[in-house]
Amino acid sequence: MDGVIAGVVATCAPDGTPNVSFLSQVEYVDSEHVALSFQFFNKTHENILAQPFASVCLTDPHTGASYALHLEYLRTETTGPVYVRMKAKLAGVASHEGMTGIFRLRGADIYRVLEIDAAPGSFLPAPPPRRNLLAALRAYTAHVAECGELDELLETTLRDIEALLGIEHAMILMLDTPADKLYAVASRGYESSGAGAEIPLGQGVIGMAAAERCAIRISFTAPEYSYSRAVRESAAQSALARQLETTIPFAGLADPQSQIAVPILAPRGLVGVLYADSDVEMRFGHEDEDALAVLAAALGGAIAALSPASGEPDGVPAPPPRRVTPGTRTVCIRHFAENDSLFVDDAYLIKGMAGAILWMLLEDYVRLGRTEFSNRALRLDPRLRLPDINDNLEARLILLERRLVDRDAPLRLVKTGRGRFCLQVGASFELEHVPRGAQPGT
Amino acid sequence: MPSITTKPRLLDRAIADFIESGEISLYVAGCDTQRRPRATRAFGCCVSPETQSVTTWVSRAAAPALLDDISSNGRLALVASHVETCRTFQLKAVDAEVVPIDSADYARVVAYHDAFIEQTLRMGYPESMLRSMMQYRFDKLAAIVFTPSAVFAQTPGPGAGERLAGEPIP
Numbered sequence: 001m002d003g004v005i006a007g008v009v010a011t012c013a014p015d016g017t018p019n020v021s022f023l024s025q026v027e028y029v030d031s032e033h034v035a036l037s038f039q040f041f042n043k044t045h046e047n048i049l050a051q052p053f054a055s056v057c058l059t060d061p062h063t064g065a066s067y068a069l070h071l072e073y074l075r076t077e078t079t080g081p082v083y084v085r086m087k088a089k090l091a092g093v094a095s096h097e098g099m100t101g102i103f104r105l106r107g108a109d110i111y112r113v114l115e116i117d118a119a120p121g122s123f124l125p126a127p128p129p130r131r132n133l134l135a136a137l138r139a140y141t142a143h144v145a146e147c148g149e150l151d152e153l154l155e156t157t158l159r160d161i162e163a164l165l166g167i168e169h170a171m172i173l174m175l176d177t178p179a180d181k182l183y184a185v186a187s188r189g190y191e192s193s194g195a196g197a198e199i200p201l202g203q204g205v206i207g208m209a210a211a212e213r214c215a216i217r218i219s220f221t222a223p224e225y226s227y228s229r230a231v232r233e234s235a236a237q238s239a240l241a242r243q244l245e246t247t248i249p250f251a252g253l254a255d256p257q258s259q260i261a262v263p264i265l266a267p268r269g270l271v272g273v274l275y276a277d278s279d280v281e282m283r284f285g286h287e288d289e290d291a292l293a294v295l296a297a298a299l300g301g302a303i304a305a306l307s308p309a310s311g312e313p314d315g316v317p318a319p320p321p322r323r324v325t326p327g328t329r330t331v332c333i334r335h336f337a338e339n340d341s342l343f344v345d346d347a348y349l350i351k352g353m354a355g356a357i358l359w360m361l362l363e364d365y366v367r368l369g370r371t372e373f374s375n376r377a378l379r380l381d382p383r384l385r386l387p388d389i390n391d392n393l394e395a396r397l398i399l400l401e402r403r404l405v406d407r408d409a410p411l412r413l414v415k416t417g418r419g420r421f422c423l424q425v426g427a428s429f430e431l432e433h434v435p436r437g438a439q440p441g442t
Numbered sequence: 443m444p445s446i447t448t449k450p451r452l453l454d455r456a457i458a459d460f461i462e463s464g465e466i467s468l469y470v471a472g473c474d475t476q477r478r479p480r481a482t483r484a485f486g487c488c489v490s491p492e493t494q495s496v497t498t499w500v501s502r503a504a505a506p507a508l509l510d511d512i513s514s515n516g517r518l519a520l521v522a523s524h525v526e527t528c529r530t531f532q533l534k535a536v537d538a539e540v541v542p543i544d545s546a547d548y549a550r551v552v553a554y555h556d557a558f559i560e561q562t563l564r565m566g567y568p569e570s571m572l573r574s575m576m577q578y579r580f581d582k583l584a585a586i587v588f589t590p591s592a593v594f595a596q597t598p599g600p601g602a603g604e605r606l607a608g609e610p611i612p
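Chains as they are written, first to last, in my numbering: chain X, 1 to 442; chain F, 443 to 612.
Treat the hints loosely; a few may be bogus.
[As the list claims (entries may be wrong)] Negatives, chain F to chain X, calculated, CB over 10 Å:
#1 ASP537
#2 GLU539
#3 ALA585
[Stated by the list, open to error] Interface residues of chain X toward chain F, partial, derived using beta-carbon atoms under 7 Å:
#4 ASN42
#5 LEU49
#6 PHE53
None of these hints come from the bench; they were simulated from the model. All residues carry an ideal CB built from backbone N, CA and C; glycine is no exception.
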């Protein structure tokens, strides 16, 4: 059903007149159901509302074999995962066919599959699978079991996605629950890390995969699902935010020919999204989607198991404190309470909860000379107001670590043990706090 | 002198040329008495300039039930879509008959098949897959002859579904 060879759907009018028309899309729903794209109020739709039988002819784009699916119409869905998946996929098909603006999904027509006929003939053999995906997933789950920390887990996941699945460009985004957005925390294969780039829920393939908790796969370039626009729009959140350049560019390919986003789910709900793209059309097939979904499920379980809220004790004895040697230069760090954004000598660094965390660490460093910190203490600190559950503190610290490296800031967060880290500084700091409502630079 | 046909003439030259070309993907559909539809790929079309009757060819082995349906009730729909531009027409008929193939059909089926492969190869499809998809055995084909009773524009877009009056073939 991922074929680039268009199929047809045949229906019958109440007076017995057959109708046959080409199809943009047939979506596999489950082993007994498919969905056809409903784009226009046409004869096909009129016919199936009057009597429910339809027949679809499909061609396997690898073997040339053709199949007839005999179907019974059940309902039309205009929301939900199947609709959202088809809408995204159709955008790619429309762009590929030069039909952008013409192909618009009104609904996903859900059918029960009554029977499948394979046309007789001597067809090409099916191509062998590109990889043994089951063996790849087995290896991945074994690697996951060895990861004791979130940053290690994320690195292992992205490394295995490339090494075991052959997917060169991928990233992991975590859900920021109160803000209804996702932020990139780890990536592999891109020019920049993109750590901290934000995607609002519901925007593009990543935002839709998160909002609907379903995998979304696009086989061709789809401009309306590209992230250049999404990222721009996410910047405008308040009057002050508009004045500040606080957008971290999305790392994904600028003009991806294929995209896939898979939700990372844990027992408590959505954790984030695993995203991959490619500059090759039709790079991700059903099997890739299945493999990434299983991988994301293992990842989600592992993230939940590493979460302190799951009962894991936080903190082991820390190694001796590191000697801190501030450099000779003085750096001004400005904090805007409006959105907890931090600027290092006027260059944007980070905002949101990660910004609030770093500001607190810097305050403690400058006022108290403190460089050793524990995740547990951060969780209890009233200045941060972390949510009681799903605080994503570890993910935010990873994001912060990467941003400091990406921006070449004169300070680093360095792990000193499980649930512990220290601040390494390479400059003296002047801290400037800009309260809510104040203008930047005042 | 009586007309050679009393049936309405709906195919203008442009549509006739279009459905006879090798650059289109063709499917034929019919329905049984329970109004259950079936469809199959067709291997070319030929329009008679005198009678406006259309002949198309399908595999007997791929579509035995469809051929039974068409033989029993004469109702047929044929869709023709340009593989590159998506320009599409649908023809309907109520007088379709399944008839044996004859030697004159052979050249037409071969011409359609070869032109279709040539066109789709230009679009980048792999030849082995195309030949697998378009395989047929001439001795296993059936011819279907019908006179269109209605023609519809079906190119995706605002005009899709419009019934075309058509002009008689000169």
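Hint status (Cβ of X/ASN42 to nearest Cβ of chain F, threshold 7 Å): With a minimum Cβ separation of about 5 Å from chain F (threshold 7 Å), the hint on X/ASN42 holds.
Assertion that F/ASP537 lies outside the chain X interface [Cβ separation over 10 Å]: Fine: 13 Å to the nearest Cβ keeps F/ASP537 off the interface.
Is the claim that F/GLU539 lies outside the interface with chain X correct, judged by CB distances over 10 Å? Given a closest Cβ separation of 15 Å, the condition holds.
Does F/ALA585 really sit off the interface, with its C-beta more than 10 Å from all C-beta atoms of chain X? holds (18 Å)
Quick one, is the X/LEU49 hint okay against chain F at 7 Å, beta carbons? Check failed: Cβ of X/LEU49 comes no nearer than 13 Å to chain F, outside 7 Å.
If you take the shortest Cβ to Cβ gap from X/PHE53 to chain F, is it below 7 Å? Holds. Min distance 5 Å.
In summary, the structure is inconsistent with hint 5 from the numbered list given earlier, while agreeing with all the others.
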